[in-house]
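> Read off the chains here:
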Amino acid sequence: QVQMKETGPGLVQTTQTLSVTCTVSGFSLTSYGVHWVRQAPGKGLEWMGIIWGDGSTNYNSALKSRLSISRDTSKSQVFLTMNSLQTDDTAVYYCAEMGLWDIPYYWGQGVMVTVSS
Amino acid sequence: DIQMTQSPASLSASLEEIVTITCQASQDIGNWLAWYQQKPGKSPQLLIYGATSLADGVPSRFSGSRSGTQYSLKISRLQVEDIGIYYCLQAYSAPNTFGAGTKLELK
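Going down the list, the sequences are from chains A and B.
In terms of my numbering, the numbers along the first sequence are unbroken and rise by one, the last being 859.
In terms of my numbering, the numbers along the second sequence are unbroken and rise by one, the last being 110.
Treat each hint with caution, since some may be false.
Computed footprint of chain A on chain B, listed as stretches where at least three residues anywhere in the stretch have a Cβ under 8 Å from a Cβ of chain A [to be verified]:
1. 47-53
2. 89-95
3. 98-108
Worth flagging that the hints you see were computed from the coordinates, not collected in a lab.
C-beta atoms are modelled at their ideal positions from N, C-alpha and C, and glycine is treated no differently.
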């Protein structure tokens with residue numbers, strides 16, 4: 743079955759760069775896309791971006807200058823990289839497999855990232 | 004970017020009551036609309052996709068509908084396990100956008 747697992751640093755300093763890895767199983771990254779979604783404490787869901795099965799990407803307009811999504815298909819891993827972090831980037835970061843109608847279908851458990859000065 | 008206006012922001016209802024949550028899209032998104040339920044400390048769970056299709060394992064008391072650019076999630080008979088926060092998501096075009104969420108509580 744499909745499994746998604748996010749791993750990240752836990753704590754990052756302001757102005758630094760965040761790297762979060764999503765390791766997937768149960769499907770091929772060349773066949774299905776992966777979404778990234780984040781949720782700040784006590785706030786709603788924010789769609790961040792997507793890497794499609796063909797490797798192309800789309801990003802949230804407000805984040806696109808700082809955000810990059812890439813992958814290593816041989817390792818079944820997708821990477822989220824975001825630079826110039828601020829405290830309001832503190833959030834749980836989720837990856838999710840793209841399913842029917844291109845929506846996030848199977849979600850990981852999420853990884854909490856705290857940005858601190 | 005497409006805006007999704009979700010209402011109400013919060014809702015208090017009794018067991019067995021009918022509950023309706025709506026999302027208004029800022030432009031035509033066809034049936035590219037999904038609904039999610041999120042419980043505290045958990046990942047969102049898919050309820051409805053394609054505006055009206057029930058996801059696997061979701062109880063039949065949940066249903067989705069569309070009228071033009073307005074989308075609704077209906078819970079026909081509220082149960083205790085339905086308490087949580089509900090979000091709509093448009094996947095018609097990138098960037099995808101979520102509604103702000105509806106917090107559903109028991110009265």
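> Under 8 Å between beta-carbons, do enough residues of the region 89-95 of chain B, three at least, approach chain A for the coverage claim to hold?
Our answer is that it holds, as 3 residues pass the Cβ test (under 8 Å) against chain A, meeting three.
> Verify this for me: three or more residues of the region 47-53 of chain B with a beta carbon less than 8 Å from a beta carbon of chain A.
Satisfied; 5 residues make the cut.
> Between the region 98-108 of chain B and chain A, are there enough contacts, at least three residues with CB-CB distance under 8 Å, for the coverage claim to hold?
Holds: 7 residues of the region 98-108 of chain B have a Cβ under 8 Å from chain A.
In the structure shown, no violation is registered for any of the earlier numbered hints.
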